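Q: Sequence:
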Amino acid sequence: MMEYKHFYFCNLDFGKQLTGVERSALKRARLFKNYFGISATFLTTRFNEAVHENVQRLKDIGWMPKSCEVYNVYEYLRGSYIDKRILKNQYQLDTSIYNVIDIDINPAHQKWSSKVNSSYYKYVVWTDKEKTKLSFINNLYNNKIVKREKFDRNGQLISIQEISETGKIESEDLIHLDGHIVLRRYFKENNKLTKIVIFSPLGMVEEVLQSEEQLVDYWLRKFIDFNEPACFVIDRNPVWSIALKNHHRINGHKTISIFHSSHLVEMEDNIMSGRLNSNFKAILEEKYKVDHIVTLTEHQKQDILKRFVHKNNIVTIPHSIDELPRKTPFEQRNSNKLVALCRLAPEKQIVDMVKMMGELLKNHPKTELYIYGDGSEKNKIIEKIKELNIGDNVHLMGYNESIAEAYTDAVFSLLTSKCEGFSLAILESLSYGVPAASYNIPYGPSTMIQPHENGILVDHADYKAMASELSQILSQPEQLKQMCDNAYNSIERFKEENVAEVWRKLINS
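Residues 0 to 508 in numbering that gives the first Met the number 0 are what the sequence shown lists, from first letter to last.
Treat the hints as calculated values from the structure; they're not laboratory data.
In the BS3-like style, the derived pairs of lysine-lysine whose C-alpha atoms are separated by at most 30 Å in a straight line are:
hint	residue 1	residue 2
1	Lys15	Lys58
2	Lys300	Lys504
3	Lys221	Lys244
4	Lys310	Lys417
5	Lys15	Lys110
6	Lys146	Lys132
7	Lys15	Lys187
8	Lys480	Lys365
9	Lys221	Lys286
10	Lys463	Lys480
11	Lys114	Lys128
12	Lys187	Lys121
13	Lys191	Lys280
Note that the structure is predicted; figures quoted are calculated from it, not measured.
Sequences and hints are given; from them, build the entire structure.
A: Here it is as structure tokens:
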């Protein structure tokens with residue numbers, strides 16, 4: 000394992016709210032640190048002004064090992080990791096040419112009206128009411144935003160956006176810490192990236208790129224010493240496929256692609272002929288080769304091998320549990336509390352949970368469902384809750400980093416997704432002694448749930464069957480207690496020390 004000098008985990012981003020992919024990558028980083036003494040380096044590709052603050056928060060709460068480093072392509076290009084000067088060139092506003100008006104309802108907001116042109120003004124937003132650091136500035140002409148200037152955590156100008164007549168971003172300049180433009184990104188009306196132009200410190204064009212994938216390729220050629228053997232674990236495949244196409248064992252490196260979701264577009268698709276998920280299509284068809292493919296379940300591995308019979312580089316490594324929670328006595332649980340931890344995204348089908356609750360409440364009117372998460376489907380979910388008039392029983396709790404708060408006193412968790420790569424939520428639920436009710440979908444739930452032992456499996460979309468089975472179990476406290484005990488006992492093979500051995504064999508292979 001020590002033949003590799005660096006271990007890189009290749010991701011998109013660390014936002015304020017993490018997806019299951021980012022959370023699983025963090026769990027893997029802790030496993031590598033705990034069992035191999037390796038501090039992985041995270042590489043991210045998404046432009047995110049708050050990436051430094053988000054990473055620090057993850058280290059503060061213990062989700063990311065403090066010894067791990069995180070490098071982002073945009074932050075690297077603007078000099079964040081190589082320029083350690085104490086910068087004095089914070090953006091300055093010239094009060095001599097503006098009339099400054101404080102916004103009463105928000106002391107961190109101001110309107111700066113031009114003394115020269117009455118059609119132009121700046122809407123200035125500070126990070127605090129003391130107005131010590133800028134957050135962003137909208138520049139308006141004839142009451143339409145024409146430019147937006149954004150600032151980093153230190154009050155440094157980080158980007159300038161050109162805004163179209165329809166309010167869309169036409170282009171965005173990335174600003175180096177010394178003030179020059181590093182690159183310019185161009186967008187179509189639908190916000191699709193069309194071109195990236197990279198500039199030298201003198202303002203001359205250095206490179207023209209067609210995609211963010213090419214930008215990552217450009218960055219890695221500058222950032223990584225290819226003479227030093229490295230192991231790349233790819234959590235987000237499309238953006239990394241081009242850049243890592245030549246980093247294989249033959250060149251002294253190793254690339255490992257993680258399949259975090261189904262390799263098919265639709266769960267109903269025939270495994271032999273169904274459309275391939277664009278995240279994995281190029282790898283499965285070997286347009287871009289990797290040394291190893293990791294599936295999270297044996298079921299998915301076998302489905303892939305039925306179609307791609309000559310592949311001999313697939314291994315199954317599930318998610319792991321690194322810390323076992325303290326057991327909660329059944330008597331201290333709330334026998335009416337159901338929970339769900341998930342993004343409020345279309346593929347999670349949270350509306351089905353709400354409809355299931357509408358059925359369950361007919362026999363168990365005191366039951367309550369607490370949904371932890373946020374996302375684009377929130378309004379649809381609220382509408383369905385109102386339609387069924389069950390607002391007193393279904394609660395949207397928002398995103399919460401404390402999973403213990405959700406699970407500790409619950410008696411069941413729910414999953415109604417169309418498909419999963421594994422479902423970290425089910426594994427964590429079982430680790431807290433909370434049985435799980437799930438649709439029997441590919442892939443994951445059936446790997447962890449033994450029906451009526453530590454949970455419930457019903458056919459996809461059959462929320463009425465889920466309600467019926469839950470109703471029977473909730474009516475039998477002794478059975479429910481036994482299922483909670485079984486949940487604790489069902490995660491042995493997912494303990495960190497067991498999963499670590501599989502990783503050790505893969506990396507040493």
